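Q: The chain contents come next:
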Amino acid sequence: MSSYKAVNWNTPENDYAGMFWEQNLRQFWVDTEYIPSKDIDSWKSLSPEIQEAYKKALGGLTLLDTLQSHTGMPKLLDHIDGLQNKAVLSFMCMMEAIHAKSYSTIFTTVNSTAEINELFEWVENNKLLQFKASTIDKYYRNLDANKVSDETLFMGLAASVLLESFLFYSGFFMPLWLAGQGQMVASADIIKKIVADESIHGVFVGLLAQDLYKKLPNPEKSKKELIDLLMELYENELKYTDELYTEVGLTADVKEYVRYNANKAMMNLGFEELFEVKAVNSIVLNGLNGETTQHDFFSKKSTNYEKSMEVVHLRDEDFHVEAEPVF
Amino acid sequence: MVTKKWILLNNEIMVKKDDEFSLSKDKEAVRSYFLDYVNKNTVFFYTLKEKIDYLIEQEYYIDFYQWYTFEQMEEVYDLVFAKKFRFQSFMSAFKFFQSYALRDDSGEKFLERYEDRVVAVALFLARGDVPQAKQYAELLINQEYQPATPTFLNSGKKRSGELVSCFLDEIGDNLNGIGYAIDSAMKLSSIGGGVSFNISKVRARGESIKDVEGRAGGVLPIMKILEDTFSYANQLGQRPGAGAVYLNIFHTDIEEFLDCKKINVDEKVRIKSLSIGVIVPDKFMELAENDEACYLFYPHTVYKQYGKYLDELDMNEMYEELVTNPLVKKKKINARHLMVKIAQTQKESGYPYLFFKGNANRGHALKELGNVKFSNLCTEIMQISEVSDIEIYGKEDTIRYGISCNLGSLNIATVMENKRIKEAVATAMRSLTVVSDLTNIAMVPSVQKANKELHSVGLGAMNLHGFLTKNFIMYESAAALDFCNVFFMMVNFYSIQSSMEIAKEKNETFVGFEQSEYANGNYFQPYLTKDIAPVSDKIAGLFEGMAIPTVADWTELMNQVKTHGLYHAYRLAIAPNQSTSYIMNATASVMPVVDVIEVREYGDSTTYYPMPYLDNDNYFFYKSAYDMDQKNVLRLISVIQKHVDQGISTILHTNTKDSTRDIAKYYIYAHKMGLKSLYYTRTRKASIDECVSCSV
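Going down the list, the protein sequences come from chains A and B. Counting in my numbering, the first sequence runs from 94 upward without gaps. Counting in my numbering, the second sequence runs from 48 upward without gaps.
Next up, chain B with everything else stripped away, as it sits in the complex (with noise of 0.2 Å):
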């Protein structure tokens, strides 16, 4: 094993001379990382016939003859290679070839470029419409929407996972509903899922089972198990499984539940590599805000009482009764101290999520089918879910909705260029609903369930601060709130068209649409009175070209919805997309940067990752996250969220010399302003060098 080049050039960004990176030599590292390796790794072809037909006979490919002809597919071949794509940046590259293209069985040769990849999703999702293949191939290759990791990476193969990756479920509280559950952990993440659970209805530690007292063990052990059946089942030994618990703050588990990140707990109530999340409804935050005394509820005996779940109780109406009733049993608490407790594992773990239920539920389309409960291992998918009853052998089970989302981004900067957020939406769209189609997750039924009867998809976006600091706007100003109050506004708006029109061209919309607040129009109510618009000269400049929908626009499509439905019942949700923005040379989600250039550790890799257009000129505009007042990210996603269906993932930067007390301003800043949820929280270190230049 020797050095190779193409790291050790990219790792030389990082040498300063007359203080400026060296990022001269990324470019130079992608030209030895082509030379050097992929050239002389990938199998060669005379011509494109001779590819085609290998990669089918040798069954790398689907059988593509069954929808096109060879002319057919050289059209679309054609139209993507003319477009001369070029990498522009290491990491770019590297993490195509590293993590995407197809290469041989032995592993050690590449059979695809970027291009091929690209032809093979467009004409897997087309099924044989040419026309339709073609605007997936440009649509693609113009780098204006990434779909997400399985669906880029398995479509089109004949051996390959599932283009699905997101599921969620309820853990029903009895042996067959916990069995249940592991069950699906195993068979979800062996597919390649992120599994999520929510576990609130599973009785807490020392509650009765078969009504003698102190025989429950709680929350904690079972998500042992789960930790254990997520690394077990990986994705044939290429990708650890990955999964995420969220619990219910007055759950009486959920202090044991909290103390299982930190750094020095014993190994028996240690979770490792399971994500944990915390579903904090209004009341608790409430409660907090008044420094009243604050109980947590044995969920147990609140199902005894009341025949219903803790987790599903509408905690503003029933918290007092709760309290006043004997036969529930409680612990008494401080709300603050709670609050605080979860800061402090923040600083030490990054975790647990935050789930803010009431925020989540109020605007919700589908609140008179059910609520929203709890999201998943990202924190951006937020949908009705309720827990299934499973029998034992011979008696009929009765399925529910679990969840399952397929997720993919627009590129906000080449869609915002090419001037074709309409097209891109719609296409986007329609992309989506081919991969919730084809997904059938049979050994999972009410995964399957959900995915049959409502379609939901999750279209997100990328490259937000990219766009911002490629036009001088600082992501912090009003100007960054005002493009993203028209960008989403657009966004959801074509989302909204483009799922009608596939209702109206199917002549199916999801299940329960009538009951909804599209079919009522309550959903539109608050684009009906004011026209959104830019509001600066400078964000109108950057629409110029593109017809903003206004009132009369919203109330057409309002009417069409009422006439037509939609197809589907969950559109938006943003991502944290990291891989993928990788690619797109973009930067991730709609969160600030953290650095001028990234150093980014990945299970398999460390990369330097200067970021996109970066140069003398517009370093200042890529101001770091963590230098950032974590308000002014959060009122930018307030903003964003209006017109986001489901959620954001949001990440919390930090420094080391923030308090508990700093940390958890945010999240009541964050619940007032409407956020749904919030996703990590990173903290900054402070390095020794600093500590000593400034005390000693």
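Only chain A is shown next, with the shape it has when bound in the complex (with noise of 0.2 Å):
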């Protein structure tokens, strides 16, 4: 019978785990910290087709969240090796559930009860949708036995890479291009809170997929099963960007955002980039950007705060300093 370990901080396990749960709990937030109720105006002065679009994009958006919670995380945790690794999955997992709680926060805000059923009915019965949660959940029941060989569970571990670095930017797109026109701001705090999650969480699985990577016998089968999958999630991610975006007129610039993220998810993969791409759409890119920006407190909650982690207390010669009047 094989003993039972406690997960031991503080002997470091690799280089990066530490270093990602704290960040991780830096970037802790609720949903409901957030006041989305703000863009009740500016939901109502949208055309219907941008309504429409929005609700698509983030219903999308959620299905994707819950498949992470629910199976991607929790089968990742159960066959990566190292314990402080599998606390950083498991709060990442549980990051993942506010995610797809948060856009129900949204929806509740601006839309009625039956549109929300609608929508939710909508996610269920999309071809494109399923077709993505589906290819993506394959690589996570494959992890369903007790032992798993490297090569699946590398797979595992790109195929949860794709979906937070890559999948999730089609429907990402639509917030950012409207926060950046000055359109749904409040709720764009909440969805570059995601983004900002997200990103960490592509980072790091693309590191532990990394990891894995190098200690397989047969690396270029793996590589080029990964690509295989990457072109056929591809191709429907063209179609799921015509559908959802035709009738506002973005698809073009969608279908060059879908392309500049496949080539991040291959870079957190360790690898080169796939797609040749000319110019991403400023704003998006723009909104992107996690770093601090500059707000007016008054009229908008910041995304800028985090948990304060570290506590330390003042000391007498802190009393002590030089405080002579200059002139």
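Hints listed in this document are in silico derivations from the structure and should not be mistaken for laboratory results. Hints are not guaranteed to be accurate.
Derived coverage of chain A by chain B (criterion: at least 3 residues anywhere in the stretch with Cβ under 8 Å from a Cβ of chain B; other residues may be distant) [said to hold, decoys possible]: (1) 164 to 171; (2) 194 to 201.
Have a look at the derived ranges for each label pair, beta carbon to beta carbon [unchecked claim]: (3) 156/B - 340/A: 23 to 31 Å; (4) 417/A - 176/B: 47 to 55 Å; (5) 339/B - 400/A: 25 to 33 Å; (6) 142/A - 673/B: 36 to 44 Å; (7) 197/A - 153/B: 31 to 39 Å; (8) 663/B - 115/A: 34 to 42 Å; (9) 414/A - 275/B: 41 to 49 Å; (10) 338/B - 419/A: 26 to 34 Å; (11) 156/B - 234/A: 44 to 52 Å; (12) 419/A - 339/B: 54 to 62 Å; (13) 153/B - 414/A: 58 to 66 Å; (14) 150/B - 413/A: 53 to 61 Å.
Every value quoted in this text rests on a predicted model; they were computed, and no experiment measured them. Glycine is no exception: its CB is placed at the ideal position from the N, C-alpha and C atoms.
Please dock the two separately framed chains into a single complex, following the hints provided.
A: Structure representation (structure tokens):
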């Protein structure tokens, strides 16, 4: 009988688990901190086509976050080595659940119950969206067994990175594009928090995958499998983009953006870029920038503040500062 | 909805070519904004006469013909249009048209350009005095002075809000007092005011009501009601209402008060949009420094013992007495831990503001009339206040001072370049005086009384970092200190001179002038021993062509003030001015910039704003506030503060890695340097790229 181990944070397991734990904690947030009700007027001013695209984009995102929190993260953490890595994944898992819920917070604020129910029905019946979910889920389900091969686990991790770093972004485009032009700004605060989380999730799982990839006896085979999977998802993503964005005339921009993020996913996994990307819509690209922005406290809530991690107390010498008047 | 070309162009500034931002895109964005949007959406008039008549007949403007002939108005328009004003950045143009330009009733078409707004403000404030109107118009079109938003936005409009937007009041410790506060909050908020309350007099959670212990709900429930009140009474749906509450640090609800801003706290006690501030008396800083036991007091038990509110006691004198008196209920805490808790709350939310009560009262010119007890939504207003006694229906209320203040800012760069400090300050003071005289907030009598008797205004300044950069001076340098010392001394001098002249003309001073430090001459003492003049040649060069007041000038001014009095009880206050600084293509207030190109998230847009005058030569001088030692910033503010009778909105810029101790040390330094308040603490996030690259 094997013995059970307790997670020991006093000995680092690798260079990055501790750091990602801290960063995750620092970024922690809950949806109810934000005030999407400020967007009600903005919502009413949008054309029905844009409203439709916005709802569907967020509906699609809800599905992906649900998949990630209910299946993806738990399956991965079951097989990944290292108790600290598992801890980080479990934290991410919880955040995915908060993400999935936070879209509902936005819906609840701007939509009627009937509209919301109709939207969730659409999610269940949309073939392209279901294809995304089932394709990724297949790789997660391969992890059902007690013991799995490194190849299977690698593909599970890779699928997760594709979902986090690639598939999300056709959905993120809409809220970021609107917010850059002054619409649905309060809801975009939530979306930006999600984007910031997904980006560290993608990097972390990508690093786990890269560690594993180095150990594979036949890495080229796995790489090919990954690229095939990505291309399959890419084809589907183009169709999904057509369906969501044609009526609002943004299809070309979104597709460029999809390719841009496909490249990012590949880079997170340690591979070279696949697509040539010319010019991504600057509004959306800038909206992704997680750096600190200036804001007016009276008119919106900031996304800049984070949980304070280190509480360090004052000492006597802190009070003995030289504070002579200058003139 | 298609992508708007001008917004796209503005976003493209951030595209780097050969390691440089595409700054030229900003000019293209301005052009596109005018050609593709503004011009297409502006109502066209064949003649000036047609325009003026239309605006008056359609009830957009007030009837200017009551004061001016058409020819007189035409003179002012001609003067302004001859200046050929152009917006220097997309942000300036966008902000003006988005928020300030008059639109038709459908909201779709513009009826004004920048020049039209300037003339309307000038005509309105001059009230028929043509030379005065020209002075105002010149000051404004030169961008030497910018009135605060309410004045700039509403002047001259027939259907408009108030000209003043900053109000403060005390909350009394009974239902009538609380009801009056909520009622005032709603009314002031609906007319566009930012309102701040001192909630320190309200009894703490668990205190007695009608001598039954354990019944009082404390300050949090009132804050909850105020928060909802402000969000309900917004400004015709255009702007969300905004409010702040201040609590004395010795009030036993202080910990609960701070917790309301924590990220993960129960919905019932979480405050999302109401701003909070802490009143910190010197005694508290002393207890923290000596690491002595610190007691918080239950305010109602203090009131019952001494017949005075905790918040009004001089804690230096009374602290020991309160600690010793067994009938005053208290709670023991560790003062240093409380400071760290404040730092922690700031790291998570940017709040609370800090108001250093001792520093605010030390040089207070009206000290014989009362104390400064708290501050406003932007922590720059510091005036006397006293709680009113609100009675039941049929009984006469006793109304005492609330606070009302109207603000405006000098543009340091243009004022210096045009060598017009004296003229700009005098004209600006006049325009602020007109606004104060026109204001009559009858629905909130305590605020009305203060405005009527004290005529307080708050002249500030913007574009300090822009001006320094343009002249290749580092913000943190000794030269910057030298400049600020002389510049703000001059602003102080000319504002007193102007206030004295207005008092002389009107033959009226503010109520209580005789008891003020102005009347007995104490206020002038720091200026009477030694001339204040530039120390370095570089700074002396900047002031060339302007007379700098000497000890003799100050002495003469003191004597003139003794004879004629002052019209304004309070004159100067440096506001954070955000939107107005964009229109002026200036850096905000006297704060350092955060980045060479600011990403600006407003409630209604995300815009990229290259700092004024930015080019490859001066890039280096726009060092980010986040990269500065905050002590250098605080030191500069301490120099300015000596010449400002009210306060200065001072923002701390910190980084994720700064510990709570680092931040608390800034409080200690700020307090020792004599700063009266600290506004928000902003935090620059560490991005994951940075983390990965340095540790993986």
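Q: Evaluate each hint against the coordinates.
A: For each hint, the structure was consulted:
1. Residues of the stretch 164 to 171 of chain A with a Cβ under 8 Å from some Cβ of chain B number 0, which does not satisfy the need for three, so the listed coverage is violated.
2. With a threshold of 8 Å between beta carbons, the proposed coverage of the stretch 194 to 201 of chain A by chain B is violated, since 0 of its residues qualify and at least three are required.
3. Hint check: residue 156/B to residue 340/A, Cβ distance near 29 Å, so the stated range 23 to 31 Å holds.
4. Between residue 417/A and residue 176/B the beta carbon distance is about 48 Å. The supplied range of 47 to 55 Å therefore holds.
5. Checked against the given bound of 25 to 33 Å, the beta carbons of residue 339/B and residue 400/A, roughly 31 Å apart, stay inside it.
6. At about 41 Å, the CB distance of residue 142/A to residue 673/B agrees with the hint of 36 to 44 Å.
7. In this structure the hint that residue 197/A and residue 153/B lie 31 to 39 Å apart at CB holds, the actual value being about 36 Å.
8. At roughly 38 Å, the beta-carbon separation of residue 663/B and residue 115/A lies within the given 34 to 42 Å, and the hint holds.
9. For residue 414/A and residue 275/B, the hinted distance range of 41 to 49 Å is satisfied, since their beta carbons lie about 42 Å from each other.
10. At roughly 29 Å, the beta carbons of residue 338/B and residue 419/A sit within the given window of 26 to 34 Å.
11. Checked against the hint of 44 to 52 Å, the pair residue 156/B and residue 234/A fails, with Cβ atoms roughly 60 Å apart.
12. A hinted range of 54 to 62 Å is violated for the C-beta pair residue 419/A and residue 339/B, which are about 31 Å apart.
13. For residue 153/B paired with residue 414/A, a C-beta distance near 59 Å keeps the hint of 58 to 66 Å intact.
14. Range check, residue 150/B to residue 413/A: Cβ separation about 58 Å, and the 53 to 61 Å hint holds.
Going down the numbered hints, you'll see the structure goes against 1, 2, 11, 12, while the others check out.
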